[in-house]
Every structure is written in C-alpha cells, then in structure tokens.
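Colleague: The primary structure of each chain is shown beneath.
Protein chains: 4
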Amino acid sequence: MGDDMGFKGSQYEEVRQLYSSRGFGGRVGFGERPAILVIDLARWWLDQGSPLGSDQYATVENTCKVLYSGRDARVPIIFTTMGFDSYQSELLGPLPKKKPHFVHPSFVRGSEWMSLDPRLGRRLDEILIEKPRASAFWGTPLLSYLTARHIDTVIITGCSTSGCIRATAESSFNHQFHTIVVREAVGDRSPFAHEYNLVEIDLRYADVTHLAEVLKYLSGLPSNQR
Amino acid sequence: MGDDMGFKGSQYEEVRQLYSSRGFGGRVGFGERPAILVIDLARWWLDQGSPLGSDQYATVENTCKVLYSGRDARVPIIFTTMGFDSYQSELLGPLPKKKPHFVHPSFVRGSEWMSLDPRLGRRLDEILIEKPRASAFWGTPLLSYLTARHIDTVIITGCSTSGCIRATAESSFNHQFHTIVVREAVGDRSPFAHEYNLVEIDLRYADVTHLAEVLKYLSGLPSNQR
Amino acid sequence: MGDDMGFKGSQYEEVRQLYSSRGFGGRVGFGERPAILVIDLARWWLDQGSPLGSDQYATVENTCKVLYSGRDARVPIIFTTMGFDSYQSELLGPLPKKKPHFVHPSFVRGSEWMSLDPRLGRRLDEILIEKPRASAFWGTPLLSYLTARHIDTVIITGCSTSGCIRATAESSFNHQFHTIVVREAVGDRSPFAHEYNLVEIDLRYADVTHLAEVLKYLSGLPSNQR
Amino acid sequence: MGDDMGFKGSQYEEVRQLYSSRGFGGRVGFGERPAILVIDLARWWLDQGSPLGSDQYATVENTCKVLYSGRDARVPIIFTTMGFDSYQSELLGPLPKKKPHFVHPSFVRGSEWMSLDPRLGRRLDEILIEKPRASAFWGTPLLSYLTARHIDTVIITGCSTSGCIRATAESSFNHQFHTIVVREAVGDRSPFAHEYNLVEIDLRYADVTHLAEVLKYLSGLPSNQR
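Those protein sequences? They're chains A, B, C and D, same order as listed.
For the first sequence, my numbering gives the first residue as 1, with consecutive numbering after it.
For the second sequence, my numbering gives the first residue as 1, with consecutive numbering after it.
For the third sequence, my numbering gives the first residue as 1, with consecutive numbering after it.
For the fourth sequence, my numbering gives the first residue as 1, with consecutive numbering after it.
Worth flagging that the hints you see were computed from the coordinates, not collected in a lab.
In this list, chains with the same sequence are indistinguishable; a pair is considered to hold if it fits within one copy or across any two.
Derived lysine to any residue pairs resembling SDA-like cross-links, with alpha carbons at most 25 Å apart:
{"hint": "1", "residue 1": "Lys97", "residue 2": "Asp125"}
{"hint": "2", "residue 1": "Lys97", "residue 2": "Leu215"}
{"hint": "3", "residue 1": "Lys216", "residue 2": "Ala73"}
{"hint": "4", "residue 1": "Lys216", "residue 2": "Arg71"}
{"hint": "5", "residue 1": "Lys97", "residue 2": "Asp152"}
{"hint": "6", "residue 1": "Lys65", "residue 2": "Leu116"}
Build the full structure now, drawing on both the sequences and the hints.
Modeller: Right, dumping it as structure tokens:
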C-alpha cells in the first residue's frame with residue numbers, strides 16, 4: 001500500500017511504520033496463473049434487513065469489475081457462501097456460543113439468504129463453496145481446486161475484511177500463493193475494522209492492491225489461460 | 001471482556017459495540033480438560049537486540065504464573081518456537097517476500113535465537129513444536145496432541161497478539177476447542193495492535209480472559225487431570 | 001482379529017504373521033465416547049445397475065444393527081456420500097483421469113444416485129457429509145464434528161473396504177481416535193480386496209472388530225452419552 | 001502397469017481386472033514440473049538389525065538412479081524420515097498401541113537410526129522432513145513446499161509400499177498432483193504386500209511406472225527446471 005491511503009496521522013500509521021521498520025510488509029506481487037476468490041457476497045451479508053447485513057454496494061460493484069476482467073482473461077473464479085444444516089447438528093460446541101448468528105434460522109445451507117448476489121452473475125462452471133468457517137480453505141476442497149489449475153496467485157474480494165477476508169488471506173499465504181486483496185473490492189460493516197485490518201493483512205499476509213492495478217494485471221494476461 | 005479494560009471512548013470501543021450488537025463476542029467459557037499453549041516465547045521475540053524483539057517482560061512473567069498453576073493441576077503444556085532450514089530451501093516463494101525476517105541467519109531451526117526463554121522452565125515431557133507459520137496448528141501435528149489427550153479447552157499465552165496469537169486462536173476455534181487467550185499473558189510489539197486485536201479475537205474466536213480468572217480455573221481443576 | 005477369520009494357509013496370513021512379528025497390529029480397543037461413521041451406503045455403490053454397484057446386502061443389514069444400538073445409546077451418527085458439481089468444474093486435473101467414474105452424469109452432488117439407502121433410516125439430526133475423496137476427513141469439517149462432541153472412538157461401517165474404508169480408517173488413526181472397523185458391516189466389490197485390506201487395516205490403522213463385540217460395547221455404554 | 005509384471009493368474013490379477021472393468025486405474029501421466037519424494041530410506045527401515053529393517057538394496061539403488069537424473073534436471077528433491085520426542089509425550093493415545101515400535105528407544109527424532117542412508121547423498125539444499133505419520137503430507141508443511149515451487153507432479157520412491165508409500169500416494173492424489181510411484185524404487189518387507197498394494201495404488205491413486213520410463217521423462221525435461 002502506498003502513502004495515498006489516508007492513514008497518515010492515524011494510529012494505523014503507527015502500526016504500519018513500526019512493523020514495516022522491522023521488515024514486515026514486503027511486496028510479493030502477482031504471479032502468472034491467478035484465480036479470483038469472491039468471499040460471501042450473499043444476501044445475508046449484503047441485505048441491510050439481515051442481522052449481519054451492511055452496505056456493501058461498492059464492494060459488490062468493484063468485485064463485478066474484477067469478475068468482468070477475469071472472465072475476459074479466462075481466469076478461474078470461485079465463490080463462497082456459508083450455511084449449516086437446518087437441524088444444527090453441525091453446530092454443537094463452542095462455535096455458536098461465540099457466534100450466535102450461526103444458529104439463526106436463515107443461516108442454513110442453501111437458504112435464500114445464503115444465495116449469491118445476482119449482480120455477480122455467477123456462471124454455472126464457476127465453483128461455489130459452502131464454507132463452514134471464516135477461511136475459505138478450512139474444511140473445504142478449495143486448495144485442490146487451485147492445485148488442479150496450477151494457480152499461483154489468489155485474488156480476493158468480498159467481505160468482511162476483519163473476518164473472512166483476513167482469515168482467507170492468511171490461509172492463502174500459508175499455502176504459498178501470491179495473495180492479493182483488492183482494496184476497493186473488500187468491505188466490512190465497520191470502517192475502522194476495515195481500514196485497520198487492511199494494514200495488518202498487508203503487513204503479514206497479502207498485498208493489499210488497488211483495483212486499478214488488479215484490472216491492469218488481468219487485462220495484460222495471455223488470453224490462453226487455463 | 002468487561003468494561004474495565006480502558007477501551008472506553010476509543011475507536012476499539014466502537015468496533016466492539018458494533019459487532020456485539022450484531023451478536024458477535026458470545027462467551028464460550030472453560031471446558032473440562034484444558035491444555036496450555038505457549039506461543040513463541042523465544043529469544044528472537046524477547047531480546048530487544050533481535051530484529052523482532054520487544055519488551056515482553058510481563059508476557060513472560062504472567063505466562064510463568066499460568067504454567068505454575070497448570071503444572072500443579074497436571075495440565076498438558078505445549079510450547080512453540082519457529083525456524084527454517086539454514087539453506088532456506090523451505091523458504092522459496094511468497095513467504096520470505098512478505099516477511100523478510102524469515103531469511104535472517106538467526107531464523108534457523110534449533111538456533112540459539114529460537115530457544116525458549118529459560119524462565120519458562122520447560123520440562124522435558126512438555127512438547128516443543130517448531131511451527132512454520134503463525135498458527136501453531138498449521139503444518140504441525142498439534143491437533144493430534146490435543147485429541148490424544150481428550151483436550152476440550154486451549155489456553156493461549158505468548159506473542160504476538162496480532163500475529164501468532166490471533167492466528168492460533170482462530171485455528172483452535174475452528175477445531176471446536178474452548179479457546180481462552182490470557183489477557184495479561186499475551187503481548188505485541190505495538191500496544192495499539194495488541195489492544196485492538198484482543199477486541200477482534202474476543203469478538204470472533206476466543207474468550208479474552210483475565211489472568212486471575214484463568215488461575216482460579218486451573219486451581220479448581222480435579223487434581224487427577226492427565 | 002482372532003484366528004477364526006479363515007485366513008489360515010492363505011497369503012493374507014503370511015503378511016499378518018510377518019507384520020505382527022515386527023510389532024504391528026497392536027490392540028487399541030474402545031474408548032469412552034464413540035461416534036458411528038457410515039461410509040457411502042448410497043445407491044451408486046449399492047445398486048447393481050450402477051457402474052460401481054455391487055451386492056452389499058450384508059453390509060447394509062449389519063450397519064443397520066450398529067445404527068439401532070447406537071441410537072439406543074445416543075451415540076452420534078454421521079453419514080457420508082459423494083458427488084461433484086454437474087458442470088465438473090470441481091473435477092479438472094488428475095482426479096477424473098485416475099477415476100473416470102467421477103465424471104459419470106450420475107456422480108453429481110445431490111443426485112438420486114448419491115442419496116443414502118432408505119434402510120439406514122437417517123434421522124434429520126444425523127449429519128450427512130458429501131465428501132470429495134476416499135477419506136471422509138479430507139476436505140470436509142468432519143474432524144470438528146468429532147471434537148465438538150468430545151469423541152474419542154470412531155466406529156466405521158460401509159464401503160468399500162479397499163478404498164474409502166481404509167482411507168477413512170487411516171485418517172481417523174492419524175488424528176488419534178480409537179478406530180474400529182466393523183468386520184461384518186464393511187464390504188468391497190472384490191472379496192479378495194476386502195479380506196486383504198482388512199488384514200492391513202488391522203495391522204496399521206484400526207481394530208477390525210466383530211459386529212457382536214461392537215454391539216456389546218454399544219449396549220454397555222452409559223445412556224447419558226452426549 | 002503393463003502385462004509384464006507377473007501378475008497373471010494370481011489373485012492380484014482378479015482384483016485388477018474387476019476394478020479396471022469398472023473404470024478404475026486410468027492413466028494420469030506426467031505433468032511438467034516434477035518433484036521427487038523419497039520416503040523413509042533411513043537405517044531404521046534398511047538395516048536388517050533393526051526391528052523393522054528389511055532388505056531394500058534394490059529400492060535404494062533404484063532411488064539413487066532417480067536422484068541422479070533428477071539432480072541433472074534440477075528437479076526439487078525432498079526426503080522424509082520419522083521420529084518422535086525421546087520422552088514420548090508426542091506418543092500418548094492410540095498411536096503406539098497400534099504400532100508399538102513407535103516407542104522403541106531408537107524411534108527418536110534425530111537419532112542415528114533415523115538418519116538417511118548415505119548412499120542417497122542428500123545435499124544440504126534438499127529438504128528433509130521428519131514426518132509423524134505414514135503420509136508425508138500429514139502434520140507437515142510438505143504441501144507448501146510443492147506449491148511454492150509450482151510442482152504438478154510428485155514422483156515417489158522409498159518404503160514401505162503397503163504403508164508410507166500408499167498413504168503418501170493417496171495424499172498426493174487428493175491434492176491433485178500427477179502422482180507417480182516408481183515401481184522398482186519402492187519396497188516392502190513382504191513381497192506379497194508389495195505387489196498387491198502396487199495394484200491397488202495403481203487402480204486408485206498413482207500411476208505405478210517403471211524406472212526406465214521415469215528416467216526417460218526426467219532426462220527429457222527442459223534443463224531450466226528450478
């Protein structure tokens with residue numbers, strides 16, 4: 001992230017400077033074979049009538065721009081949503097105690113509230129994962145979808161920055177993918193949590209990168225991807 | 001976490017209130033069979049002459065208090081440190097680009113800088129894990145050490161709050177352990193990052209719990225814990 | 001496994017004796033908190049009109065006996081089936097080359113061919129996992145369903161012995177569960193593969209145990225399980 | 001595998017034919033970026049004075065041929081061995097009950113008995129993994145070493161065919177690598193277990209391939225492999 005992000009003078013900037021001075025936050029850059037990973041852009045998180053909904057208009061719009069460019073370049077696209085069984089047998093234990101919304105009657109696999117936003121225009125050959133945790137890699141076959149395609153770069157959009165985006169970026173970094181979080185295409189219900197987590201994500205796990213730069217990268221890919 | 005943590009009036013408090021109002025941050029509490037997990041209290045992170053060192057005097061002291069009580073109650077104790085091979089073959093790819101300190105000549109498996117702080121008094125039957133990533137669960141057999149002992153509660157101390165503590169707490173939560181982060185026994189080189197991440201850890205993954213409460217829990221355990 | 005299994009004089013027996021003499025094949029026994037894991041008893045594997053179907057009448061009947069006893073003792077029950085997306089985007093790469101039946105038009109998530117045999121009488125609070133590989137633990141949240149219930153013993157039934165049963169038993173052993181394969185409640189389309197893999201499973205990963213012994217164990221459990 | 005393997009007329013052949021007729025055992029072939037994975041060629045398994053030792057002269061010799069060709073082509077090479085802590089804290093639970101040799105005083109991490117056979121000529125930049133289970137992927141960072149190098153093909157040698165080789169081949173297949181088991185460079189203490197498991201490995205997980213074909217593939221690789 002450059003100096004242009006409005007962090008100056010804030011407490012974010014102190015953390016960024018301290019950690020950068022110790023060597024964190026190096027640039028990884030793009031690799032050669034990207035996939036696009038769109039996290040949880042379903043009605044549950046987007047509809048302000050939902051318990052967890054917030055205004056993610058820009059997140060969706062900017063994700064769509066990434067998707068248009070990605071489809072032009074034949075880049076694999078993978079979506080996630082969430083949801084548990086309606087009898088909540090998958091939800092015993094600490095999980096719903098920490099996050100009581102997991103037992104909400106709408107937080108059910110395949111429910112209308114868990115369906116993707118239609119603006120994303122998911123095509124039927126684009127994989128949809130119903131993930132059980134914040135990280136899209138946890139308890140799912142996601143990693144194998146990437147290795148099967150020889151992916152080396154994971155471009156992440158969606159929500160929420162402080163939860164599923166950060167967790168997914170960490171997993172992607174752990175597995176040695178060039179990990180790119182598209183700054184204008186991720187969002188959080190708290191602007192503070194959003195901005196602060198972008199700082200830490202950039203220092204520790206992923207290159208937080210401007211939309212324009214991501215679109216330029218995608219448009220410059222050889223058209224014979226995949 | 002209670003009201004007594006000095007967050008009032010800060011931006012932390014805004015995030016805490018917003019997320020709590022949406023249902024995050026429920027209490028999980030302690031289970032019946034705890035283990036203590038001590039993260040990265042080695043010279044590399046504790047010695048202020050090291051590139052990543054910071055003052056973690058209180059973190060170590062308070063961890064020792066947890067360890068004393070834990071040993072009295074025969075609670076299993078597991079330590080972590082880090083380190084890669086000296087030829088850095090384990091370090092190709094994005095990993096050292098984002099975190100250049102991984103290629104520092106001291107960041108080597110088994111080096112003096114990676115040895116645990118002697119104040120911890122690690123006993124030879126207490127497992128030591130050389131973990132390759134932030135989460136102690138990633139790429140290690142840690143989970144099986146817990147299942148073999150029928151552990152249901154993971155008590156976490158050490159550093160750094162914004163990195164390995166948060167990542168380990170998330171993994172522990174994912175695997176359905178009652179996850180407890182001991183507030184006074186974790187630390188970060190940035191006080192801001194420390195305090196803010198405790199808020200998010202408490203909202204999303206673990207009960208951030210005062211040392212006194214953890215010690216009381218440990219002292220009340222049946223003495224025949226194995 | 002006792003002497004009564006008809007292996008005497010066969011090549012199985014040579015392997016069993018050689019490996020036993022080296023120390024393999026120790027008895028693990030039952031723990032205190034079992035779960036029952038029923039592997040792939042769906043029409044695709046049971047209907048002899050299906051490409052992979054074979055006669056598994058006894059496997060289903062004996063699994064039902066385990067289920068009756070398990071339900072009486074309030075033991076958690078988890079079923080698996082398989083299936084990929086109908087556009088086969090989840091099936092690029094080596095996977096369908098080695099196992100071409102994965103791209104069969106019936107091998108689709110949620111299809112009639114992937115539905116469980118009705119004789120199993122799955123109740124709605126009994127978890128159903130759509131697993132993508134032989135091991136029920138791979139790429140699924142199964143492990144966390146077990147840790148959430150403090151399970152220490154995994155009782156396995158279903159098919160096929162040489163594929164999903166062996167792979168699942170290995171995973172369960174790796175995660176330090178007491179792993180029990182119910183001899184009369186697992187099956188394979190090849191009797192030879194069945195018998196031989198039972199020998200190796202018993203030597204390496206799980207106690208291959210007679211149905212009568214498993215039923216006796218289940219009936220002796222305290223009724224307040226879970 | 002071709003017809004020349006001496007299986008004709010044996011019970012192996014019945015299994016091979018039955019499963020092949022159902023569609024198992026497709027050819028995956030080589031990819032473009034291989035790594036060589038050498039499993040457990042250490043004194044514990046090779047020295048006939050060891051409890052688990054057997055004559056693996058040919059296995060080692062043929063592995064060396066693969067290594068020579070691999071080094072010429074700059075193919076990454078990764079070795080495994082095993083070993084637990086000397087206080088056996090890593091060995092509670094079912095693990096040592098099923099496999100009592102795990103608690104043998106020589107089965108200790110870093111012991112002389114766990115050191116690689118010197119004929120392998122391991123170079124210091126060739127990664128050595130101390131794996132805790134049969135599969136080299138379980139509880140280790142192996143997968144990330146492969147993703148960091150953009151590997152698409154895993155060539156497996158070593159021992160034992162019925163244990164660590166089969167388990168590692170299954171994991172490699174699960175993660176969508178082209179998986180090649182070098183027929184003449186793997187071995188087992190039981191010839192029967194060796195031959196039979198090669199049949200099942202070939203049907204389910206990996207192409208069991210002759211040494212000559214593997215050497216030809218390696219010698220034909222572009223020399224700029226990294």
